[in-house]
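*Asks:* Protein sequences, first through last, are from chains A and B. Our numbering puts the first residue of the first sequence at 1, with every later residue one more than the last. Our numbering puts the first residue of the second sequence at 1, with every later residue one more than the last.
Possibly wrong hints are sitting among the right ones.
In silico lysine-lysine, DSSO-like type, Cα no more than 27 angstroms apart, as pairs [as the list claims (entries may be wrong)]:
(1) A:K143 x B:K93
(2) A:K79 x A:K41
(3) A:K86 x A:K41
(4) A:K86 x B:K14
(5) A:K143 x B:K100
(6) A:K143 x A:K192
(7) A:K137 x B:K14
(8) B:K94 x A:K79
(9) B:K94 x A:K185
(10) A:K112 x B:K93
(11) A:K143 x B:K94
(12) A:K185 x A:K137
Calculated directly from the structure, the hints in this document are not laboratory data. All figures in this text were calculated on a predicted structure; none of them were measured in a lab.
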Amino acid sequence: MDVKLRILRFNPETDRKGHWEEYNIEADPDERILDLLHKVKWFDDGSLAFRRSCAHGVCGSDAMVVNGENMLACQVLVKEVSNPIKIEPIRGLPVIKDLVVDMETFFESYKKVMPYLVNDEVPGERERLQSPEDRDKFEDTTKCILCAACTTSCPVFWTADTYVGPAAIVNAHRFVFDSRDNASKQRLEILKDVNGAFRCRTAFNCTTACPRGIQVTKAIEDVKRETLTIN
Amino acid sequence: MAYQEIVSTGSVYKGRTSMWLYLFHRITGVALFGYLLLHIISTALILAGPEIYEGAEAIYKNFYFRLGEVGLMAAVLAHAINGLRIITVDLWKKGSDYQKSLNVVALLIFIGIFVPTTYRMITSYFDICIEKSSPGTTVVDCMVRPLPDWKS
Chain A
1 MDVKLRILRF
11 NPETDRKGHW
21 EEYNIEADPD
31 ERILDLLHKV
41 KWFDDGSLAF
51 RRSCAHGVCG
61 SDAMVVNGEN
71 MLACQVLVKE
81 VSNPIKIEPI
91 RGLPVIKDLV
101 VDMETFFESY
111 KKVMPYLVND
121 EVPGERERLQ
131 SPEDRDKFED
141 TTKCILCAAC
151 TTSCPVFWTA
161 DTYVGPAAIV
171 NAHRFVFDSR
181 DNASKQRLEI
191 LKDVNGAFRC
201 RTAFNCTTAC
211 PRGIQVTKAI
221 EDVKRETLTI
231 N
Chain B
1 MAYQEIVSTG
11 SVYKGRTSMW
21 LYLFHRITGV
31 ALFGYLLLHI
41 ISTALILAGP
51 EIYEGAEAIY
61 KNFYFRLGEV
71 GLMAAVLAHA
81 INGLRIITVD
91 LWKKGSDYQK
101 SLNVVALLIF
111 IGIFVPTTYR
121 MITSYFDICI
131 EKSSPGTTVV
141 DCMVRPLPDW
151 KS
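Whenever a hint applies, use it, and build me the whole structure from the sequences.
*Replies:* Here you go:
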C-alpha cells in the first residue's frame, strides 16, 4: 500500500523553526513505523535523524509523536494508524535534530529520585527475602524502559520542565514500595516538593502513552498518598 | 550546539477526556480569578459613593448580563465539581482505577445542578422584568432592554 509519511524536520544548522516534509512510501500493512523511517533514511533522505537501538520495544530509544500520540515507532504497525502518518519529536524537550531530542532534563529528574536500592544492612548469607505480596506492590513499575513517552505526553511537563515528570515518579514508586529499601523517606521528601508528585494534575496522558502498559497515573497517585504519610 | 525547541508545530496532542478536563480546569480557574478581580473593583466603587456604585450596577441589569451570570454559575459549578473529582482521584485509593467513571459522575452532577439553576435564573429574570414593566410587556421586550426599577 502507499503510505504518506509527514515528518517534522529540524536542522539546527539551517533552520530556525521546524518544518513538515512529506515522503511517499510503498509499505506493507504489517510493517512498523520504524521500518518506514528506515526506508526514508536508507533510500530517500539520509539526513533524517532519529534514535533507535533494539527496534523491539525494549530499549526505549524511539519514542515519538505518531499522529498526535506518544508511542514507540518499533511497536506500532502501519495498519494500526491512519494514513497519512504524521511524525514529530516528543514534546517538552529541546530538539537536537529532526526526531532526536536532548534527554538531559529527563535523566536529571530520574537521578534525583535515587532510582536504586538503598540498604546498608548486611543481607546475611543469602539474598534479601521478600514475600510475593510485598513484591506485587511495585510489580507494575519495574517494567519502565525510560523511553520518556509518559513524561513528554504530560501537559504539565510541556510547560514546566522543572516538574520531575511521570517517569521519575514511576521509578521512585518502584523503590518506595520495595520492602527491602531503606531510603523511601528521602525519596518522598524529594517528591513532596512543589515540583514533585503533586504537580501531577491527573491528565492521564502518561497512562495512555506508556508502551509497557504501566498504570503510570495510578503509580503517581500511590506516591502522592505516600508523601502525605511522612512528616 | 544549537539546541532549539520546536514550537507551534500546528498539531494538537491527542489526549483523552482527562487532558481536556485539565485544560478546562485551568481556563475556568483563570477566568474566575479575572471575574473576582472585576467583582472586587465593582463592589469597591461603593467607597466612591452610592451614585457611582449604582451607576456601575446599572450596567449589569439586563438580559445579556444575566446570560453572563449563567456562564459564571456554570464556570464556578464546573470548576468546583471537577476540583472534587481531582481530589477524589488523588486521595481515594481506587480513584485512578475508576477515573473514567468519575468523569461521567462529575458530568452528571454538573448537569443535575446546572439545568435547574439555569432554568430558575432565566425565568426569575423574566418574572421580575414583566412584574415591574407596564402591562403588555413581552419576554422579547425584556430581552432587549434593561431591567426597569431594579433598585426597589
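*Asks:* State for each hint whether it applies.
*Replies:* Here is what the structure says about each hint:
1. A:K143 x B:K93: It holds: about 21 angstroms lies between the C-alpha atoms, which stays within 27 angstroms.
2. A:K79 x A:K41: Holds, because 21 angstroms separates the two Cα atoms, which is no more than 27 angstroms.
3. A:K86 x A:K41: OK: A:K86 and A:K41 at ~16 angstroms, within 27 angstroms.
4. A:K86 x B:K14: This hinted pair holds, its Cα atoms lying about 12 angstroms apart.
5. A:K143 x B:K100: It holds: about 24 angstroms lies between the C-alpha atoms, which stays within 27 angstroms.
6. A:K143 x A:K192: Holds. A:K143 to A:K192 sits at ~24 angstroms (cutoff 27 angstroms).
7. A:K137 x B:K14: Violated, at roughly 31 angstroms.
8. B:K94 x A:K79: Violated, at about 35 angstroms.
9. B:K94 x A:K185: holds (23 angstroms)
10. A:K112 x B:K93: holds (26 angstroms)
11. A:K143 x B:K94: Measuring from Cα to Cα gives roughly 21 angstroms; hence the hint holds.
12. A:K185 x A:K137: Status holds; Cα separation ~17 angstroms.
In the structure shown, a violation is registered for the earlier hints numbered 7 and 8, in ascending order.
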